[in-house]
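Residue numbers (our numbering), protein chains in the order written: chain A, 5 to 332; chain B, 5 to 332.
None of these hints come from the bench; they were simulated from the model. Cβ atoms here follow ideal geometry from the backbone N, Cα and C, with glycine treated the same way. Fair warning: there could be bad hints in the mix.
As the list claims (entries may be wrong) - With the Cβ distance kept under 8 angstroms, some of the chain B side facing chain A (calculated, not the full set): (1) LYS114; (2) VAL117; (3) TYR122; (4) LYS129; (5) LEU138; (6) ALA160.
To be verified - 30 angstroms max Cα-Cα, derived BS3-like pairs, lysine-lysine: (7) A/LYS113 to B/LYS284; (8) A/LYS203 to B/LYS139; (9) B/LYS73 to A/LYS139; (10) B/LYS150 to A/LYS266; (11) B/LYS113 to A/LYS150; (12) A/LYS113 to B/LYS267; (13) B/LYS150 to A/LYS113; (14) A/LYS37 to B/LYS150; (15) A/LYS37 to B/LYS73; (16) A/LYS170 to B/LYS37; (17) B/LYS150 to A/LYS73; (18) B/LYS113 to A/LYS170; (19) B/LYS207 to A/LYS113; (20) B/LYS284 to B/LYS170; (21) B/LYS37 to A/LYS267.
2 protein chains.
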Amino acid sequence: MSVHPMWGKYPTLYTELTSVLDLMEHSIQISNKDISTAILTMINAGGKLLRPAYLLLFSQFGSQNDPEKVTALAASLEMLHTASLIHDDVVDESTLRRGLPTIQAHFDKKTAVYAGDYLFVCCFKLLSTYASSLKSVQLNVSGMEKILTGEMGQMASLYNTNMTVKQYLQNISGKTAELFALSCFIGAYENGTSEAFAKKCGKIGENIGIAFQILDDILDYTQQADNIGKPVLLDVRNGVYSLPLIYALQKDAPALLPYLQKKEQMTDEDVRMVHSLVRKLGGVAQAEEAAQKYTDTALQAIRKLPKNGGNTKQLLLAITQELVTRKN
Amino acid sequence: MSVHPMWGKYPTLYTELTSVLDLMEHSIQISNKDISTAILTMINAGGKLLRPAYLLLFSQFGSQNDPEKVTALAASLEMLHTASLIHDDVVDESTLRRGLPTIQAHFDKKTAVYAGDYLFVCCFKLLSTYASSLKSVQLNVSGMEKILTGEMGQMASLYNTNMTVKQYLQNISGKTAELFALSCFIGAYENGTSEAFAKKCGKIGENIGIAFQILDDILDYTQQADNIGKPVLLDVRNGVYSLPLIYALQKDAPALLPYLQKKEQMTDEDVRMVHSLVRKLGGVAQAEEAAQKYTDTALQAIRKLPKNGGNTKQLLLAITQELVTRKN
């Protein structure tokens, strides 16, 4: 069990996140060794645990004090996230995740499909045991629905060289931002804040999530595979056109189209040319501005949150700022 | 929209099942046309709707009268069933289901993985909207967990020529019987019966489910592909050894092992030899006896149910008897 070293400087959060990982591990109760090992390896591969961290932090604004419940809800959302990563890797035929072989690369697709399904079930097991009402379950389900709709939207817009910034934002709102929003909302709401306040927290999470995903997509254009633990050249060849490329296409489509039109047949050299063109055409810089805009909106809203006695606001500001300056 | 013709002689049930199909169709709200079409085609391919039918019938023993709720819960469980069929077809690489190409044969594995995920979400959407308490959601989740554990158990025992009857029963208890049990339990419980009474109903469902699955496995040895709408020769080659084969192995393993040990390399002729040996060695007849035993237990328990004013008991007896004499 190992919490990502980025949390080392926040000892309380580090301890709480260790409990979350611990509970996730103990919730996996299946006799099929392959699937069990596959899930445990994935859980312990050092994901950043951002969604549980935000859930834990926003829970501080509520009046209730039930660490067991907060831990369970945080574990529940991280399991949902892990389930969707596993199924995404099946769909994208990815071979590498968090620096390790993906489940379907190490075992096979069968194991990966059922491992994802099992984590979905575990998510709902924790949620229906610890949520205070059916309403929280409904909100979670509706969040899951948006996440899947985002994934499917991305699937429908593969290889679309005319994709607009708006479509991209819609896809990532579902695919990524929704789960950040849900984490912040559930953290606050399930610990006794008003629904209106919890919705504000959810909105902050949404902006953080959008900034986070844009940054993730930028890293594909600026980093080497060994730095970010997944293959960087895969996205463009698989037809996933993200914000830096969309901006670059708006600047000079004729320069990029000859490469992109080869689709799956793109060579490594073609992909490297596209990456280089995207940087030269200012796609990365423009995407960085966009990420900064969403981060600033989130930071402003965090500053307006009430003081809650502890240092939660300072932590939220520090962690959120760190996210947009990260290099992997 | 088409309810299976087997329900034609039960007009009330036919109408109710039509509402269930209708609600399932209307719950699918996704813009990705491929996935939407894939799911709707699967829903309308004429599945038997046995689980919703049992849920509807057992709801008659409760004192509440809320057709909208009963329809929603029935749709919810059928969606869970459909989701697991779709993911099973991905895992088994099946090409045919209900006489039509499977989703991954007609579209691709990506579509099939997300289509299954989406139906899981829809199941929980209906359930968390209509269930009367978190407890029903928990029971449902725990049912889902057992279903997945059964599927994974089956995966772990592939190509196991030493599989025991007990292991087989454990696998199908999860894989099939659990959802029948859940349908009967939820039908009664959510309509106001006592938990103890609902558990009795669940037990009846479990026995029906076991009999149903044994019979399904027998049909693989007695029917042609065009009769049952799925490829009959696939199971043995894929390493799924069901009750008729297990009994035959107990009688004369040396006759069967030379074929089975070829695993995926079995030719169509090898598979036909195995099928013929299983019948000759009495594996089919012995499995039929086992199915009859579970059916009889279910029928006896149904006869002991209270009269509920209507003809529910007669319907349950008729339908359950029909199940074990079906030829496809």
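To see whether the hints hold, each was checked on the structure:
1. Look at B/LYS114: its Cβ gets to within about 4 angstroms of chain A, closer than 8 angstroms, so that hint holds up.
2. Given the 8 angstroms rule on beta carbons, the hint for B/VAL117 holds: about 5 angstroms separates it from the nearest Cβ of chain A.
3. For B/TYR122, the shortest C-beta to C-beta distance to chain A is roughly 5 angstroms, which falls under 8 angstroms, so the interface hint holds.
4. The restraint placing B/LYS129 at the interface with chain A holds, with a minimum CB-CB distance near 5 angstroms, inside the 8 angstroms limit.
5. About 5 angstroms separates the beta-carbon of B/LEU138 from the nearest beta-carbon of chain A, less than 8 angstroms, and the hint is met.
6. Interface hint status for B/ALA160: upheld, as the beta-carbon distance to the closest one in chain A is roughly 5 angstroms, under 8 angstroms.
7. Distance restraint check for A/LYS113 and B/LYS284: the Cα-Cα separation of roughly 37 angstroms exceeds the 30 angstroms cut-off, and the hinted pair is therefore not satisfied.
8. This hinted pair checks out: A/LYS203 and B/LYS139 have alpha carbons roughly 27 angstroms apart, not beyond 30 angstroms.
9. At roughly 17 angstroms between alpha-carbon atoms, B/LYS73 and A/LYS139 fall within 30 angstroms of each other, so this suggested pair holds.
10. Note on B/LYS150 and A/LYS266: the hinted pairing is violated, with a Cα-Cα distance of about 46 angstroms set against a maximum of 30 angstroms.
11. About 21 angstroms separates the Cα atoms of B/LYS113 and A/LYS150, which keeps this hinted pair within 30 angstroms; it holds.
12. For a cut-off of 30 angstroms, the pair hint linking A/LYS113 to B/LYS267 stands: about 19 angstroms separates their Cα positions.
13. Between B/LYS150 and A/LYS113, the direct Cα distance comes to roughly 21 angstroms. Compliance with the 30 angstroms bound is thereby established for this hinted pair.
14. Distance check on the hinted pair: A/LYS37 and B/LYS150 sit about 16 angstroms apart at the alpha-carbon level, within 30 angstroms; holds.
15. For a cut-off of 30 angstroms, the pair hint linking A/LYS37 to B/LYS73 is broken: about 39 angstroms separates their Cα positions.
16. In summary, the hint linking A/LYS170 to B/LYS37 is supported, as the alpha carbons are separated by about 20 angstroms, within the 30 angstroms threshold.
17. With a C-alpha separation of about 24 angstroms, the suggested pair B/LYS150 and A/LYS73 falls inside the 30 angstroms cut-off, and the hint holds.
18. Distance restraint check for B/LYS113 and A/LYS170: the Cα-Cα separation of roughly 28 angstroms lies within the 30 angstroms cut-off, and the hinted pair is therefore satisfied.
19. A threshold of 30 angstroms between alpha carbons decides the hint, and for B/LYS207 with A/LYS113 the separation of about 34 angstroms lies outside it, so the pair is violated.
20. With a C-alpha separation of about 23 angstroms, the suggested pair B/LYS284 and B/LYS170 falls inside the 30 angstroms cut-off, and the hint holds.
21. With a C-alpha separation of about 22 angstroms, the suggested pair B/LYS37 and A/LYS267 falls inside the 30 angstroms cut-off, and the hint holds.
In summary, the structure is inconsistent with hints 7, 10, 15 and 19 from the numbered list given earlier, while agreeing with the others.
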